[in-house]
Each structure stands twice: as C-alpha cells, then as structure tokens.
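In case you want the letters, here they are:
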Amino acid sequence: MTDTPVALGARPSLRERADRFRARRASWIPVSAAVGILVVMFAVGQAYFGNFLTPRVLSSLLLDNAYLIVLAVGMTFVILTGGIDLSVGSVMAFTGILCARMLSEGAPTGVVIPLVIVLGALMGLATGVLVQVFEVQPFIASLAAMFAARGLAFVVSLSSIKLEDPFVLALQSTRLAGGGWYLTPTGIIAIATVVIAALVLHFTRFGRTVYAVGGSEQSARLMGLATARTKVLAYVISGTCAGIAGVLFTAYSGAGYPLNGIGTELDTIAAVVIGGTLLTGGTGYVLGSMIGVFVYGTIKVLISFLGAEQSWTRITIGALLLVFVVVQRVIVARSSRS
Amino acid sequence: MTSDDAVDPVTEAPVVEITGATVRFAGTLALDHVDFRVHAGEVHSLMGENGAGKSTLIRALTGARPLDEGVIRIHGKVARFARPRDAQRAGIAAVYQEIDLLPNLSVAENVLLGREPRRFGAIDWPRMRREAGAVLAGLGIDIDPASALGSHSVAVQQLVAIARAISREVSVLVLDEPTSSLDLEEVAELFRVIRELKDRGVAIVFISHFLDQVYEICDRITVLRNGSLVGEFRTEELLRIDLVQKMLGRGAEQLVERPRPEVDAEPRRAVLRARGLASRRLRPTDVVIGEGEVLGLAGLLGSGRTALARLLSGVDRPAHGRLELDAREVRLGDPRRATRLGVVYSSENRRSEGIIDQLSVAANITLALQAQRGAWRPLRKARRDELVASWIEALDIRPRRPELPVGVLSGGNQQKVLLARLLALAPRVIVLDEPTRGIDVGAKVELQNLVSGLADNGMSVVFVSGELEEVVRVSDQIAILRDGAVVDVVPGSQVTVDTLLAVVGQPDEG
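Just so you know, the protein sequences line up as chains A and B, in that order. The C-terminal position of the first sequence is numbered 338 in my numbering, with every residue numbered one higher than the one before it. The C-terminal position of the second sequence is numbered 510 in my numbering, with every residue numbered one higher than the one before it.
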C-alpha cells in the first residue's frame, strides 16, 4: 500500500481526497480499530498503574507472544482464503516435543529444526489436500489434523522433555538490549515472519490470489487464477508457521511438552479476528493479526498487574471478540448494501 | 484482430459463425440445430423467453459447455472450446448479469489480475494503476483505479467488468443481461461504451429482455424459441409486435378450450384481494381472485409477472400494499403462515425452490404436509402410503413408483409431484409460476387440464406463464403485465393470443 497518488489534472479538494481515501483504505478500518483498542489499553494501564508503559513490559510483550504472532500470520493466510485451521496448536505441540526429543537424543540442531518445520508444512499440506481435493470442510479437515498432531505428540513423549541444546536456548536468552529495551532472536523471527508475509500478500500474484479466493472463489477461478494451488498453499504456510512456532515455543518454555498449545488455535483465531481479518475471507492484513496478538498479550499483562486470575484473560478476549465480530457483520452488511 | 475500416455487417464475413448447434440435456434438446453469426462492428441481440436456448448458446460460445453437434467458426476457422480459457484465447469475452469480479480488491486489480505487470517478480503497483487507468479512460470511465471495487455502484462495477474483458485483445464481447440492475442514466452510460466498442470493430452480442433497449442499441436480432432458431432479422425491419410474436411463438398444439361460464354470470365471491401491492419490480397493483377462478398473469420476462405471483402468495414482503384473504388481512412475507391460511406457491425454479432431487417421490409429496403437522405428529406409514398412492393416481405421476428419487423423473412428472405436495395441503388458493416450463407438450396439456379441474372444484388458481396460448386457454381472467405494472385485466373468453400480443408487446407510451 504505497501512497502514490494517481496523476490528476487538478488538485483534488479536501473532500474528494477524503472520499478517495475512504474508497481505497476502507479495509484498514478494522485494523485501525484494533490499534485504537491497543492504545486505549496502554493508556488505561499507564494511568492506573503508573509503571505500565516501561521498556521492560513492552519488550516482554513481543518476547512472550512471539510464537503466537507466527501462528497468527499462518492463520491469516488460511482465513483470508475463507478457511480455518484448527490444527495449529497441536502441530506446534508436536513439532515442539519432537524438536526437544531429537535434540535430547543428540541429533544435530541444523537437521532437527528444518526437519520439524518441514513436518509442520506437511501437516498443513495434508489439511490443504483434504480441503481442496476431497472437498472436506476446512473445519473438519483441520480438526482431523489437530487430533492427528496431538496423538503424534504423545507418541513422541508422554512427559515433558527438558531442552539443553545451546542454540535453541539462545533463541530465547540472547538479548539485544539498549536502554531497558531488549529484543530476542524469537522476537526477530516473529517480526521477520510478519514482514515477509506482508510482502508476499501484497506483492505476489499468489498473495493477491489469496485475497481473490476469499472474495469469491468462483470469480477468481473465472478470472483464470490458480485457486486450487493457492488454497492448498495457504494451509501449507499455516503448517509451516506452526512448525516454526513449535521451535519458538520450545525455546520459550525451555522444554517440550505434549500438552502444550491446547486451545492455542482458538487464541490464534481470536487474535486474527481482533486484528481485523474477516472470517468470511478476502479482507485482512498480517499486520492487523500482529496487532491482534499484542491486544491479546496486553490483556494478559493488565490482568497480571491487577493480580486477578488469568481466567479473566479469556473472559476479556471473549468479550472483545464478540464486539469485533459484531463490528465486522455491520461492515459486511453495509458494504453489501451499497 | 479488429478492423478499423467501416465494415458493412452484411457483406463482410462474420467474426463468429455457429452452424447446426445442438445441445442435449437429459434427453431433451436445449438447442436444436441453431445457426448464429455475428459480424465485426455490429451489436447483435439474442432474443427469446426462458428456456429458448439463449444461455445454452452463450455457454457454448464462451466455452462453458461444449456443443454436442455443430461447428463454431471464429474468423472462418473452426474452433473447439473445451474450457472458458480456450474461448478467451480466441478473443471471446463475456460479462454476465451477476458480476464475476472481486469487490474486496481494487479496481485496478479487477481489470488486470491474472496478467498484472510485474517487476523483479513483484507486482508493479504504480504501473498496474496506470495501465488499468488507461483502459478505463479509453472507455471514458473516470474512477480511481486504486479504490476498492466494492465502493462503487453496480453500474460502475459492470463497466469495470467490461474494461477487464476488453483489456486483452477481444473480437467478440458477450453482454448477458448487463442492464437488469442499472437505472436509466447508467444504461445510457453503458450504451455509450457499447457504441465506442462497436466503432472499434468489436462484435457485440447483447442479451436483454428490455425491448426498448434492444431496439435502441442493436443492429440485428436473432430469435430463438424452445431451442430452435426462429430467424435472424435486421432490427429496423422487425416490428416490435412481430418480435414478441416470434419469441412467444404460435404453437400448433390443437387443444380443447375449457368450457367457461358466461362472463356476465353473477360475480364470484372474492377469495384473495390485493390492494396496492408494490415492490421494487412492481408498481402498485390491485387484483381480485374469485372462488373457483383461474387468474392468468400474462407478460414478457421481466414484466413483473413473477414478482406479482410471489406477492400474491405471501412469499415475498411487499414495499407497499396489503393482501386480503376472505376480507381479512394476511401478513406477507411469511410462506409458512400463508400456507397455514391456505395460500400455496409453486416456484418457477422447480429445481432450486421446489423438488428435492434425492428424496423419494413419496417424501416429496408428503414434505409440506408433514412440515405443517410438525415433527411431533408424524404421518402413520399406512396413511402416508395411501395418500401418496392416491395423488400418484390422481395426477397420473409416472412411473408409479413412490420410492424412486424425484431427480430421475421427467420435468413434467416432477412438476406433478410438486403440485401433489401443495394439493395435499388442501389449499384454497394455489399460485403456479411457470408450471409448464421445460416440460413436453403432452405433459403441458395434462397440467393445463389439471388446473382447470382444480378450479372447477372451487379452488382459486393464479397461473403464470410466458406462453400466451396457455394463459388464454386456462384463465377465466387475465391480468396483463408490462414493465412492472398491470396494464389491463380482461376476461379470458374475450381475448385471443393476437389481442394479448398487441398489449404485451406495445412500447411504452411517452
């Protein structure tokens, strides 16, 4: 979304420019709503606690939620095509525990990490093929993948495996610090994922086809776009991201555990929706999904600052999600009327 | 591909020439050896009522469905289209009534997606906007290529669809009902664009059920009826009334007129009365249906005949007006309630709003009755079998096998199953929208006789059909619709097809 204006003879009036802005940027409204909520939460937290907006808290927001950002990026691709991927939490657990197990048995890091990421991609491929070739509902196809991945995680190990590999641990413990701010390799990976995904979605034919399929698969097909390949690839990307998240989460928690990530798929979907992506597909941005994850993370931090039970996180997320879904309905209803 | 010279459409070789086009659907002929040709730089209208074969012919031309027999020649060369892409490569583009674009993407993308300009593998957005802007400007459309398509009116979206179609080399442009959702000003804009393309030498196939538009924009007209070619005519040599007559046809079916009571017999007791019913497609309308009376609705496609039928049966909610059953007001827009009051509706879309293909004949017949009784009072099996057997007998549904899935029956028998379902509810008023569409002549006659029989037994019937003979034959009263309004109500015994034609096909005054 560059801001290159089209060549116009006369200088457009303020009103014309406002109209043009609206016509071009309407799809960013939900994202700005998410940003607004984030800002409000920051402001309220700061006003209430006084020590909320510190470099330490803000830096930890990225660190604590790096795996979730990566998952949300993959999920955004799938939801943009109008699908859903319920398997990401389990795939993350499976790849995470497999990573920990193989490393604990002395496999080289340079083999293990690519391998588990490829396994995640393969799980995504399986879901995508079920959805596209066998025309299984995305909900059911990814539910099957979710059970399969959870089962595989238990096959790898029934109990927690402590992580001792120095490289993976360093992903979490290395801190590029400066003036109270810090950045870990996990955070860099998360941000890099967002940037790469945003570029792919905006600048490649594949990326635009993702939006086209979500807008109307039938129309996209009639336009001669590769809809089948695009849909499968969206699930592969989601699986790949789940694989990366598996490594990140293992690094973050310092251990692999087969029960990790239960319900994480729902947190991910919540973050994506709060970030302004329409569940019906075709509208949304990975940047929004990242904001959505930050909203989610900030609620968690606020609640721990309050000393309240973490179950309030879920309640607040639930309420916010409700608000966003209603707002989305209104937007969709209005645009279909006009 | 296109020629800049002024071409004489008649002497020049045609761009598209289809000969002997034949397509079979489930045993019936959707197209029967039809010839069709279009020349460069002409606007050619394809006319015909529903089921005439227009869309089948267009689907063949655009590669959506291959011909069973016949040859398509493009610029004199035989072309075989297995997929839409083949037709596109041959320079044939189509824009449909339902716009096949993506409202969530920008105008520029909608014009160029699939062959967007790229630089180092990445989409070159500034160039994409420039190129799309140039195509749009060529058509005289001044909109921001970066704006979301969904932020524009349907009319503009339609023009964008045309821009997409012509942004590649195109020699034939098919416009299928492009004006149905446009207002007058928007139509004028569309016509300006069509003339522009015509001057560039593009051959345009224009399909519309608005006669005024056809006469305004088209050079020649090809008329189809029941899958057969009626003829090709120069627009200025074909009177409107002749066109309408050719579209509706004068079937040679010899049929017995049903004896009708004298017109000035005592007026029947009014059962259903509409007062000022109006919707988006229908101007305020008053009609009365008496007990045991058949009210025919006659008019061309798009005249509002279906809109009125749906309002009368309480299926759709009107913008204004009221409906009274036995002088008591009926709440509209609630089919369930209307059904309980004894008003039932049979849709013109038999497949999508009528029968359920996979269910058995028996299940289809008892569906509505069971729904009305509610899930807690199932019909006993013996009672159900008896009921189904009696309807199969009464309506002569063939084959007489209640366990067969309805999908395998012929169109006429499917229609009878649908009728049996409604009749099983013992309705007082039955609204039949195009009950005889797509069924063979014998079955048509049977259904017409059935309708007459129902009326003789005191049921009130609203009968909608695009075939005027049929309307004249079965109706006691005929409401004639034109351009969304009832222009006249006449007794069935006092009109002939010819007098009806004169009213139906008349151009708008003023």
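Mixed in with the good hints there might be a few duds.
Rough simulated footprint, nothing fancy, chain B against chain A, three-plus residues with beta-carbon under 8 Å [stated by the list, open to error]:
#1 105-117
#2 221-232
From the derived model, a few chain A residues whose C-beta atoms are all more than 12 Å from chain B [as the list claims (entries may be wrong)]:
#3 48
#4 57
#5 64
#6 134
#7 154
#8 170
#9 200
#10 204
#11 208
#12 214
#13 253
#14 283
#15 300
#16 313
Negatives, chain B to chain A, calculated, CB over 10 Å [as the list claims (entries may be wrong)]:
#17 102
#18 113
#19 151
#20 155
#21 201
#22 240
#23 276
#24 389
Source of the hints: derived by calculation from the structure; they are not laboratory data. Bear in mind that the values here come from a model prediction, so they are computed numbers and not experimental data. Positions of the beta carbon are idealized from the N, C-alpha and C atoms, including for glycine.
For each hint, the structure was consulted:
Judged by the Cβ-Cβ criterion of 8 Å, the stretch 105-117 of chain A is not covered by chain B as claimed, because only 0 of its residues qualify and three are needed. Coverage of a stretch by a chain is defined here by at least three residues with a beta carbon nearer than 8 Å to that chain's beta carbons; for the stretch 221-232 of chain A and chain B the count is 4, and the condition holds. Every C-beta of chain B lies more than 12 Å from that of residue 48(A), the closest at about 39 Å, which supports listing it as non-interface. For residue 57(A), the non-interface assignment is confirmed: its Cβ lies about 37 Å from the closest Cβ of chain B, beyond the 12 Å cut-off.
Listed as outside the interface, residue 64(A) is consistent with that label: its C-beta sits roughly 33 Å from the nearest C-beta of chain B, beyond the 12 Å cut-off. No Cβ of chain B comes within 12 Å of the Cβ of residue 134(A); the nearest lies about 21 Å off, and the non-interface call holds. Residue 154(A), annotated as away from the interface, keeps every beta carbon of chain B farther than 12 Å; the closest lies near 41 Å. At the 12 Å boundary, the C-beta of residue 170(A) stays outside the reach of chain B, the nearest C-beta of that chain being 34 Å off.
Listed as a non-interface residue, residue 200(A) fails to keep its Cβ farther than 12 Å from every Cβ of chain B; the least gap is roughly 10 Å. In this structure residue 204(A) is not separated from chain B by more than 12 Å, as the shortest Cβ-Cβ distance comes to only about 7 Å. In this structure residue 208(A) is not separated from chain B by more than 12 Å, as the shortest Cβ-Cβ distance comes to only about 6 Å. Remark: the non-interface label on residue 214(A) conflicts with the geometry, its nearest Cβ contact in chain B lying 7 Å away (cut-off 12 Å).
For residue 253(A), the requirement that its beta carbon stay farther than 12 Å from each beta carbon of chain B is met, with the minimum near 38 Å. With a least CB separation of 5 Å from chain B, residue 283(A) falls inside the 12 Å interface cut-off, contrary to its annotation. In this structure residue 300(A) is separated from chain B by more than 12 Å, as the shortest Cβ-Cβ distance comes to about 32 Å. Annotated as non-interface, residue 313(A) keeps its C-beta farther than 12 Å from every C-beta of chain B; the closest such distance is 32 Å.
Chain A draws residue 102(B) into its interface by the beta-carbon criterion, the shortest separation being 4 Å against a cut-off of 10 Å. Listed as a non-interface residue, residue 113(B) fails to keep its Cβ farther than 10 Å from every Cβ of chain A; the least gap is roughly 6 Å. Residue-level check failed: residue 151(B) sits 4 Å from the nearest beta carbon of chain A, not beyond 10 Å. The Cβ of residue 155(B) lies farther than 10 Å from every Cβ of chain A, with a closest approach of about 13 Å, so its non-interface assignment holds.
Listed as outside the interface, residue 201(B) is consistent with that label: its C-beta sits roughly 25 Å from the nearest C-beta of chain A, beyond the 10 Å cut-off. Remark: the non-interface label on residue 240(B) is consistent with the geometry, its nearest Cβ contact in chain A lying 35 Å away (cut-off 10 Å). Separation of residue 276(B) from chain A is adequate, the least Cβ-Cβ distance of about 26 Å exceeding the 10 Å criterion. At roughly 39 Å, the least C-beta separation between residue 389(B) and chain A is larger than 10 Å, which holds for a residue marked as non-interface.
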